[in-house]
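A.B. asks: Okay, here's what each chain looks like letter by letter:
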Amino acid sequence: MKKYLSMLLVGAMLALTTACGGNAASSAAPSSAAPSEAPSSEASSAAAVTGSIKISGSSALYPLVDDAQKKFKEKNPDVSITLNAGGSGTGLKQVADGSVDIGNSDVEAESKLTPDKAKTLVDHKVCVITMAPIVNPDVAEKVKSLTNQQLTDIFTAKTKNWKEVGGPDEAITLVTRPSTSGTRALFKQYALNGAEEASNKSLETDDSGTLLQTVAQHKGAIGYVALSYLVNNDSVKTMSIDNVEPTLENTYSGKYKVWGYEHMYTKGEATGAAKALIEYMQSDEYGTVMEGLGYNVTSKMQVKR
Amino acid sequence: MTKKETAWRWIISACGFFLIVLTLAIGAFLFYRGTGTFTIYGHSVSEFLFSPDWNPADDFTGGGQIGAAIFIVGSLSICFLALLIATPFSIAAAIFMAVISPRAGSKLLQPAVEIFVGIPSVVYGWVGLTVLVPFIQRLFHLQVGYSVLAGGIVLAVMIFPTITSVSADSIRNVPHSYQEAAYGLGSTRWQVIRHVLMPAARPGILTGIILGLSRAFGEALAVAMVIGKRKAFPDSILSPTNNLTAAIASDMGGASEGGEFNTALWTMALLLLLISFLFILLVRKISAQGVHDK
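Chains as they are written, first to last, in our numbering: chain A, 1 to 305; chain B, 1 to 294.
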């Protein structure tokens with residue numbers, strides 16, 4: 001009798017653990033969102049969106065998607081959204097495999113996936129991102145701008161000391177991202193004119209946040225990061241390229257050239273909750289918030305690519 | 001009665017076989033994915049093991065270089081540095097716990113060592129990153145504090161409890177008659193430790209050292225946080241470098257499935273598995289020797 005009871009218990013535990021994994025998130029959400037008539041915005045005239053969205057990918061786009069999903073959830077409390085960074089390469093790979101619903105990327109899918117996998121993905125451009133070179137504040141006291149050629153020489157390790165470009169007598173510490181990163185690909189294409197960085201002379205960090213911290217903590221460090229990470233940040237200083245500062249206005253006018261479209265890819269056409277989120281992010285209502293977070297609104301761009 | 005006997009016997013055998021099959025399956029899978037670099041992309045084993053040029057193409061056409069020598073040297077150097085730092089302290093702690101002060105050993109040191117084992121490796125990495133790396137940077141007036149030394153120290157702290165507990169156990173297991181005989185012949189305590197206990201416990205201590213080494217070899221997160229991840233050979237003990245586990249951890253997520261980069265990372269994982277097998281074989285050989293000894 002006891003043996004049968006214990007076997008029954010083991011079987012029940014196994015069943016519970018496997019069943020709880022998938023259903024708990026979506027089944028708990030509707031039951032706990034009973035007072036859903038509370039948000040009285042005009043969007044809730046249609047049925048509030050339900051479902052779950054899994055998003056991963058670019059760390060440059062991460063702050064924007066994080067903010068958007070919080071605002072989206074205020075309007076649609078029944079949606080559960082999981083968001084990860086991990087780099088553009090990861091995002092593209094995961095959305096092509098089907099393990100996430102939306103893959104964020106700073107670069108086109110064709111540059112990282114095979115042509116047939118890239119064909120299955122549908123692109124949604126949500127904003128424009130500006131990449132800025134950042135340096136430790138002690139360098140910025142003397143060096144305010146670098147030419148394109150100087151920047152390339154620094155990142156290919158031809159220039160080894162800041163005094164060669166008018167800075168203090170300190171060795172240059174390069175901080176970079178893995179070669180699968182979209183931030184790195186954009187920077188390479190538009191700031192370094194396609195020159196390959198000296199990977200054997202730079203420290204590699206896994207995401208933009210870590211890169212920012214590393215540059216802030218080491219004298220003579222230089223790296224690159226999206227403007228969204230510099231919004232309320234004084235720990236590092238940006239470097240102008242050819243005396244053009246990396247700002248939103250300079251990107252709109254086309255004076256500053258290191259920018260790219262931010263893509264949110266879905267496998268096939270976007271449906272359900274994912275579609276609602278992407279439409280919300282592309283709406284005018286959200287466009288007013290974007291600039292405050294350090295992203296350019298696509299419709300205001302005066303140059304196109 | 002016999003029906004329950006056979007029923008339980010089948011259940012337990014099934015669980016045991018399942019584990020064996022699982023281990024073999026993981027090995028076979030790693031082997032299948034890892035050898036893709038050599039079969040699909042046509043690289044040679046000697047290029048993988050000895051060439052320092054690491055530049056695999058993140059696509060399906062291949063043509064990149066997959067020399068993993070930098071990572072292999074990085075892994076080996078921090079592991080051996082960690083062993084060098086940890087072993088003296090571990091053996092000393094083991095002798096203290098087992099021989100010199102068994103009561104204080106079992107009440108104070110043993111729980112302390114066991115707590116060490118329970119600390120997650122990310123905590124070691126975090127402490128290393130926030131305390132050790134800036135300290136090394138200031139102490140040696142370096143550009144950056146990420147270095148082989150930082151990796152070695154972090155790993156040494158991690159493997160210290162493993163080596164200590166296994167060594168202490170093996171010292172305690174030396175038959176008491178050996179000690180009595182030595183004392184009876186008039187040896188001092190140090191002579192007993194040095195000439196009787198240490199040689200007798202040597203297989204166990206070596207086992208502990210190799211277990212610590214295999215733990216150090218496989219450590220990914222703590223090492224990735226302090227080693228600086230620079231894809232170059234370290235100029236000295238104080239310069240950053242990269243190792244197998246950190247490279248796999250940071251690049252595996254982004255490399256496209258089945259491309260040359262991804263396959264090269266699988267080959268690295270296969271190499272790690274083979275090295276772990278080697279360590280386990282060594283451990284078994286040494287313990288077997290110990291059993292038949294004297």
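Honestly, I wouldn't trust all of these hints.
Here are the computed lysine-lysine pairs in the DSSO-like style, where the Cα-Cα straight-line distance is at most 27 Å [said to hold, decoys possible]:
1) LYS2(A) / LYS285(B)
2) LYS75(A) / LYS275(A)
3) LYS3(A) / LYS3(B)
4) LYS2(A) / LYS4(B)
5) LYS255(A) / LYS304(A)
6) LYS188(A) / LYS119(A)
7) LYS255(A) / LYS267(A)
8) LYS163(A) / LYS201(A)
9) LYS4(B) / LYS3(A)
10) LYS144(A) / LYS201(A)
11) LYS160(A) / LYS119(A)
12) LYS125(A) / LYS3(A)
Among the chain A residues that face chain B by a calculated CB cut under 8 Å, a handful are [unchecked claim]:
13) GLY89
14) THR90
15) GLU110
16) THR120
17) THR159
18) ALA171
19) THR173
20) GLY220
21) LEU248
22) ASN250
23) SER253
24) LYS255
25) LYS257
If you're looking for bench data, these hints aren't it; they were derived computationally from the structure. The beta carbon of each residue, even a glycine, is placed where N, CA and C say it ideally should be.
A.B. asks: Each of the hints needs a verdict: does it hold here or not?
C.D. replies: Okay, the hints, checked on the actual structure:
no.	hint	in the structure
1	LYS2(A) / LYS285(B)	44 Å, violated
2	LYS75(A) / LYS275(A)	15 Å, holds
3	LYS3(A) / LYS3(B)	13 Å, holds
4	LYS2(A) / LYS4(B)	13 Å, holds
5	LYS255(A) / LYS304(A)	12 Å, holds
6	LYS188(A) / LYS119(A)	25 Å, holds
7	LYS255(A) / LYS267(A)	35 Å, violated
8	LYS163(A) / LYS201(A)	18 Å, holds
9	LYS4(B) / LYS3(A)	10 Å, holds
10	LYS144(A) / LYS201(A)	24 Å, holds
11	LYS160(A) / LYS119(A)	43 Å, violated
12	LYS125(A) / LYS3(A)	60 Å, violated
13	GLY89	3 Å, holds
14	THR90	4 Å, holds
15	GLU110	11 Å, violated
16	THR120	14 Å, violated
17	THR159	15 Å, violated
18	ALA171	5 Å, holds
19	THR173	5 Å, holds
20	GLY220	7 Å, holds
21	LEU248	28 Å, violated
22	ASN250	30 Å, violated
23	SER253	33 Å, violated
24	LYS255	32 Å, violated
25	LYS257	25 Å, violated
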